[in-house]
Amino acid sequence: MATQRIIDFLAQNRPEGPCLVVDLDVVQRNYETFTRALPDSRVFYAVKANPAPEVLSLLSDLGSNFDTA
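Mapping the sequence shown onto my numbering, position 22 (from 1) lands on 270, and the numbers just tick up by one.
Honestly, the hints are just simulated from the structure, not real lab data.
Hints should not be assumed to be uniformly reliable.
Unchecked claim - For each label pair, taking beta carbons as the anchor points, the in silico distance ranges come out as:
(1) E264 - D288: 42 to 48 Å
(2) A297 - A250: 15 to 21 Å
(3) D288 - D309: 20 to 26 Å
(4) E264 - P287: 42 to 48 Å
(5) L286 - Q252: 27 to 33 Å
(6) L258 - A297: 19 to 25 Å
For clarity, every value in this text was computed on a predicted model and none was experimentally measured.
Note that beta-carbon positions come from the ideal geometry of N, C-alpha and C, so glycine has one too.
All chains, please: the whole structure from these sequences, using the hints.
What follows is the structure, given as structure tokens:
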């Protein structure tokens, strides 16, 4: 689902081709929701899903582990 922030970004920047726009606030909220739902689990993010440095840095700061297979 697109957040208003993403909709605004696309309206202002009008990319000419395919692009990936990630709302880091949503990434953080989803990570925190997931870890609260499974408090006794260790979360591993699959880096190949999205290796963007901004995403990896945020998840690292939040305490995520990483799967690099």
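Range hint 42 to 48 Å: satisfied by the CB atoms of E264 and D288? Given about 47 Å between the Cβ atoms, the range holds.
Against the range 19 to 25 Å, how does the distance between the Cβ atoms of L258 and A297 compare: consistent or not? 21 Å, holds
Is the gap between the beta carbons of L286 and Q252 within 27 to 33 Å? 29 Å, holds
Cβ-Cβ distance between A297 and A250: within 15 to 21 Å? 18 Å, holds
Given the range 42 to 48 Å, decide if the beta-carbon distance of E264 to P287 lies inside it. The hinted range 42 to 48 Å holds for E264 and P287, with Cβ atoms some 45 Å apart.
Does the Cβ distance between D288 and D309 fall inside 20 to 26 Å? 22 Å, holds
Checked against the numbered hints listed earlier, the structure breaks none of them; every hint is satisfied.
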